[in-house]
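Take the sequences, apply the hints, and build the full model.
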Amino acid sequence: MTALLDLVRRIGAGVVEAVWRIGFATRFFGLLLAYSGQSLARLHLTIREIYFSGVLSLLIIVVSGLFVGMVLGLQGYETLQRYGSSEALGVLVALSLTRELGPVVAALLFASRAGSAVTAEIGLMKTTEQLKAMDMMAVNPLARVVAPRFWGGVISMPLLAALFSAMGVFGGWLIGVVFIGVDEGAFWSQMQAAVDFRFDVLNGVIKSFVFGVAVALIAVFEGYDCTPTAEGVSRAITRTVVSSALAILALDFVLTSFMFRGQS
Amino acid sequence: MTPLDSDDALVRLQDVRFAYGEREILRGLDFSVRRGQVVAVMGGSGCGKTTLLQLIGGQLRASAGTVLVAGHDLARLSTGQLYALRRRMGMLFQFGALFTDMSVFDNVAFPLREHTDLPSELIHDLVMMKLNAVGLRGAAKLKPAELSGGMARRVALARAIALDPMLIMYDEPFAGLDPISLGVIGQLIRRLNDALGASTVMVTHDIVESLQIVDYIYFISEGRIVAQGTPDEIRASADPFVHQFIHAEADGPVPFHYPAGPLAESLIGGRPA
Numbered sequence: 001m002t003a004l005l006d007l008v009r010r011i012g013a014g015v016v017e018a019v020w021r022i023g024f025a026t027r028f029f030g031l032l033l034a035y036s037g038q039s040l041a042r043l044h045l046t047i048r049e050i051y052f053s054g055v056l057s058l059l060i061i062v063v064s065g066l067f068v069g070m071v072l073g074l075q076g077y078e079t080l081q082r083y084g085s086s087e088a089l090g091v092l093v094a095l096s097l098t099r100e101l102g103p104v105v106a107a108l109l110f111a112s113r114a115g116s117a118v119t120a121e122i123g124l125m126k127t128t129e130q131l132k133a134m135d136m137m138a139v140n141p142l143a144r145v146v147a148p149r150f151w152g153g154v155i156s157m158p159l160l161a162a163l164f165s166a167m168g169v170f171g172g173w174l175i176g177v178v179f180i181g182v183d184e185g186a187f188w189s190q191m192q193a194a195v196d197f198r199f200d201v202l203n204g205v206i207k208s209f210v211f212g213v214a215v216a217l218i219a220v221f222e223g224y225d226c227t228p229t230a231e232g233v234s235r236a237i238t239r240t241v242v243s244s245a246l247a248i249l250a251l252d253f254v255l256t257s258f259m260f261r262g263q264s
Numbered sequence: 001m002t003p004l005d006s007d008d009a010l011v012r013l014q015d016v017r018f019a020y021g022e023r024e025i026l027r028g029l030d031f032s033v034r035r036g037q038v039v040a041v042m043g044g045s046g047c048g049k050t051t052l053l054q055l056i057g058g059q060l061r062a063s064a065g066t067v068l069v070a071g072h073d074l075a076r077l078s079t080g081q082l083y084a085l086r087r088r089m090g091m092l093f094q095f096g097a098l099f100t101d102m103s104v105f106d107n108v109a110f111p112l113r114e115h116t117d118l119p120s121e122l123i124h125d126l127v128m129m130k131l132n133a134v135g136l137r138g139a140a141k142l143k144p145a146e147l148s149g150g151m152a153r154r155v156a157l158a159r160a161i162a163l164d165p166m167l168i169m170y171d172e173p174f175a176g177l178d179p180i181s182l183g184v185i186g187q188l189i190r191r192l193n194d195a196l197g198a199s200t201v202m203v204t205h206d207i208v209e210s211l212q213i214v215d216y217i218y219f220i221s222e223g224r225i226v227a228q229g230t231p232d233e234i235r236a237s238a239d240p241f242v243h244q245f246i247h248a249e250a251d252g253p254v255p256f257h258y259p260a261g262p263l264a265e266s267l268i269g270g271r272p273a
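Sequence order for the protein chains is A and B. Heads up, the first sequence is in the numbering used here, so the first residue is 1 and it goes up one at a time. Heads up, the second sequence is in the numbering used here, so the first residue is 1 and it goes up one at a time.
The hints are simulated quantities; they were obtained by calculation from the structure and are not laboratory data. Note that the structure is a prediction, hence the values are computed from the model and not measured. Hints should not be assumed to be uniformly reliable.
[Claimed, not checked] DEER-style ranges, computed between Cβ atoms:
| id | chain 1 | residue 1 | chain 2 | residue 2 | range |
| --- | --- | --- | --- | --- | --- |
| 1 | B | M128 | A | L174 | 52 to 62 Å |
| 2 | B | R88 | A | G23 | 49 to 59 Å |
| 3 | A | G185 | B | K143 | 52 to 62 Å |
Backbone N, C-alpha and C fix where the C-beta goes; we use that ideal spot for every residue, glycine too.
Next comes the structure, spelled out in structure tokens:
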């Protein structure tokens with residue numbers, strides 16, 4: 001009986017804690033937006049973070065995009081040729097990438113490459129009292145440290161996702177056209193005819209923007225909110241990667257269900 | 001906002017209470033720092049010394065009582081007003097809290113760049129002067145990771161005085177330093193205070209060093225001031241707490257044991273009491 005009560009009590013405490021954290025995160029997001037103006041006015045701060053989050057993620061995004069595209073080329077050809085429509089390979093590769101794989105996989109990679117780094121950096125700044133010191137110098141850490149990292153992530157994400165998709169299409173072309181020998185004209189012209197700018201490309205960009213906001217917010221929040229110890233920082237990094245991945249996949253389902261309801 | 005110039009106090013805490021949730025840290029503390037003075041706050045670990053600094057800096061708000069800095073009641077200030085006041089305060093954190101992604105030069109330039117529109121040549125000269133004051137002009141290009149503990153604290157000190165503050169606060173400035181660095185920091189604290197015409201609050205354990213450089217000493221125990229006086233008065237004090245502190249005795253008014261039940265009970269019970 002006591003064990004049962006204890007269990008109920010622990011579940012209750014967990015729920016209260018979770019709700020409290022969501023509330024805190026929401027308030028944090030509000031404050032972050034409120035201080036973003038000050039921060040964006042000094043653009044060089046955000047540009048620096050775009051370099052650290054975006055430019056330094058280029059290699060992993062480009063290489064992963066290439067390989068994902070190449071796998072799509074192989075698998076897509078395998079399946080399509082059974083139905084004698086291997087010319088549609090370009091369509092398959094481009095649609096898979098722009099609608100789903102580009103935004104989702106790029107965001108997952110971005111969360112593990114850049115999100116974890118941002119959490120670690122902010123968490124360590126908190127642990128070593130750098131944030132407190134800044135606050136004591138009358139410089140708001142939300143405006144000076146957090147907001148530039150947030151916007152750096154938000155701006156980088158759609159660009160990285162677009163690059164991922166472009167590299168994927170290139171990888172699909174490499175395998176499908178260059179190595180397997182699918183007709184090049186059909187590959188490109190069918191792709192051009194079937195991929196709609198608004199439905200496919202723009203929706204993909206919107207997705208990657210939403211993922212960018214989610215990942216960047218989770219990363220800065222976990223860093224800012226971490227327990228200021230070595231263990232606390234390591235837990236915060238883990239939480240960033242796990243929560244980002246879950247948020248990306250859940251948001252992807254929600255967005256997809258709104259965006260693609262039977263059209264084309 | 002009552003001006004307190006009548007008795008020349010830059011910082012004044014009246015009957016201040018502070019608690020983290022249920023845990024009471026300060027219970028009715030009266031404390032003041034006169035302009036131009038170097039004041040040390042001493043007490044055992046965890047007695048609320050650092051909390052006191054955070055209350056003066058406005059990073060924590062008192063649960064009851066008033067905290068006045070330069071005549072401003074901190075509880076009534078908006079964030080903007082508090083930030084305006086903090087520009088006139090410098091704080092040295094226990095381990096320096098230097099920005100690890102910036103060079104020594106950029107660390108000291110940070111408050112100047114954030115709060116002034118001075119041209120970069122002037123900022124360069126000011127930073128060099130501050131670094132020279134702490135003897136580290138030659139280390140301007142180093143990164144914080146390349147500094148020793150004592151050097152890092154001197155850089156942090158140069159950063160804390162970058163805007164020529166009226167009040168400088170030190171959180172354990174001597175902790176973990178070798179005797180030479182300790183003497184250097186001690187002399188700097190005194191010299192900078194006098195050169196800047198500032199006032200200083202220093203939280204520390206180091207009684208020997210403090211007695212040499214400060215004007216006034218407060219002893220805190222269990223959230224209250226238990227003794228106070230000038231260095232001479234403290235040396236001559238018969239107060240048991242002060243005696244224990246100066247002579248570093250393990251047991252006395254500050255007990256060796258954290259409050260616990262009888263030992264026999266803990267041992268027989270087999271569980272932490």
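Item checked: In rising order, the numbers of the hints this structure does not comply with -> 2
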